[in-house]
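Undergrad: Below are the chains, spelled out letter by letter.
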Amino acid sequence: MEPLLVHPDPPVPELAQALDLAGYPWKAVADELGASRLEPEGGWGGAVLVVAEEAEAAWALARALRKRDVPVEPLLLLVAGTHLGDLQLRDELFDDFCLHPFHPRELEARLRHLLWRAGGRSAPDVVAYGPLEMNLETYQATIDGRPVDLTYMEYELLKFLAQHPGRVFTRETLLSRVWGYEYYGGARTVDVHIRRLRAKLGEEHAGLITTVRSVGYRFGTSRWG
Amino acid sequence: MEPQKQYVLRTVEERGVRLIRLWFPDVLGQLKSFAISPAELETAFDEGMHFDGSAIDGFSRIQESDVLARPDPNTFELLPWGERDETSARMFCDIENLDGTPFEGDPRQVLKRNLRKARERGFTFYVAPEMEFFYFAEGSGTASPRPLDTGSYFDLTTADVASDLRKRTIHTLEAMGIPVEYSFHEDSPSQHEIDLRYTDALTMADNVMTFRLVVREIAMERGFYATFMPKPLPHVQGSGMHTHMSLFEGDTNAFYDPADEYRLSKIAKGFIAGLLQHAPELTAITNQLVNSYKRLIIGTEAPAHVSWARNNRSALLRVPITKKGKESSVRVEYRAPDPACNPYLAFSVMLAAGMKGIEAGYELPSETNVNVFELTAAERAAEGLHELPASLAEALDSMEGSELMAEALGEHIFEWFLRNKREEWADYRAQVTPFELERYLPTW
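Protein chains in written order, with the numbering used here: chain A, 556 to 780; chain B, 399 to 842.
Pulled out of the complex, with its shape left as it was, chain A reads as follows:
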């Protein structure tokens, strides 16, 4: 699995030890910048943040991780007793918490459960954006819960775009990343498939894919604004 993000850096020694013993790979980061710089290729496998002395920084990081286009999940907090009040009105920022100092067995059990839930339910099996949901395991796409029937290439193109919302891709990039080889027909192929996708998404949702003049295409908007 991909490493877990651990905060603060350097990590609380008991946490490092507990994760090592339980066999979870991890990397400690100091802040949001470190979280993106050290991010593994396949994204973070989850995050464990300690809300104690550096509570402010921990919450800031939790918020940043959740605001991403693809939020970091699951997010487990280790909360000092004096900071339990912080949890109020921050429900959206974490998936579960343990009282800190924690019991290693409890940490392990909670992590295992969170990872099981995340793996069974979402990433990397489902790509969701607004009304669109794509199940990567069953190759099915739905919009507003209604199935959209795609051909294989339409599906691959939509998947690629939806996995990178807000990013503008040139036709050449899409061609090489989605078709993956010197596809005969050139970049016009991309235009044709984008039109077909828009047609299938229906008038109401055709705007999910916007044309960026003389550059290429963008799916949705970045949650970074």
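No wet-lab data here; the hints were simulated from the structure. Cβ atoms here follow ideal geometry from the backbone N, Cα and C, with glycine treated the same way.
Straight line, CA to CA, 25 Å or less: simulated SDA-like cross-link-like pairs of lysine to any residue: (1) B:K724 <-> A:F724; (2) B:K724 <-> A:I764; (3) B:K403 <-> A:V733; (4) B:K403 <-> A:G735; (5) B:K430 <-> B:W823; (6) B:K721 <-> A:V767; (7) B:K403 <-> A:T697; (8) B:K664 <-> B:A516; (9) B:K403 <-> A:P702; (10) B:K403 <-> A:A717; (11) A:K622 <-> A:Y684; (12) B:K692 <-> B:R778; (13) B:K722 <-> A:D746; (14) B:K510 <-> A:M708; (15) A:K714 <-> B:T570; (16) B:K510 <-> A:Y707; (17) B:K403 <-> A:S731; (18) B:K721 <-> A:A742; (19) B:K565 <-> A:R753; (20) B:K724 <-> A:V767; (21) B:K515 <-> B:D470; (22) B:K403 <-> B:F432.
Only part of the chain A face toward chain B is listed, based on derived beta-carbon distances under 10 Å: (23) N690; (24) Q695; (25) P702; (26) D704; (27) T706; (28) E709; (29) V747; (30) R750; (31) R753; (32) E758.
Given the coordinates of chain A, assemble chain B onto it according to the supplied hints.
TA: This is chain B only, laid out in the frame that chain A set:
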């Protein structure tokens, strides 16, 4: 297994598809279909499905009549009609001989072969047809057809049945991944046009087949009848399938040259010249019915002479004026075809004629700026304007002498088509029409 096939298998499972319809066109462009169950799908992909080709027009040979239908997973689409618990899907098939070679009688393979030839020269062939058709109250073939409205060109007929039909049709097409560019009420009563957005020629030929089925299905659902017969009503415009074409070299429109007065490249000019030069030979394919030639007459908007122009709707071939900065949309519009053609063969012969013009370096004749229909026969001759074949028989004569057509279609289809169509013409000639009875019976 290829991911495309994997994708199809998984979708069939997930969506509870009960039947997979395997589609293929016959030589005349009629859609043929047989259904298999999901259990047979993997075999169909791996080995192809056996069927007796002699059961189907054009696919008949006395010896080895068994052929294989091999579904193309890229064409997998769910069919958005039918019973809720009878979800079905379709795939177009290539037809192969038992030894795995392409079957010569398969129009899809003919188009693929012609596209491959163009590709060897670095070209992709894009097409966008304008599909015209009529809605009628019924389509028995015996009574004269009854239009659903009396609307005319671009009329916005409120709340009428036909515009509702058209709307539903477009919706269905889009759901099947066939984007529509425009749609409107055409000139004649109950006549409609739906323009499809350009795509590569093979996909478009598949789309035209699907289109004709969708238009008919939707009309039938409501108890009406849609027809692509080229000229169902006398005295009004018939239905055409004006076809816009362009060649691309990678991402560059090979038809475009900013330095040229017409903004047409040498390639475009050769292509146009080739189409014009060989137009009479390919007309039997683009206009394959006896009835087709009742549309191609002087005085309607359909072309009857071989000419080209930028802005002249009486021309056979038009170069639409494109907006500045829109070099990718520089294209030619060939106005003879009608929607009852076999799109695979029609696209094949138009491409072959154009490519021939490029390869042989044909000279582009001068543009015809006069309204061809207002000229006398002598003036037309002076302008060097040749006529398109005036009947199926003339068209077949032209085709029969054409090396280019034999090569583009392949000997098998070339011969079969001529034989089949000569028979059709003979049947027609044996008829005594109402025209003759009305005109001659009382007086002679």
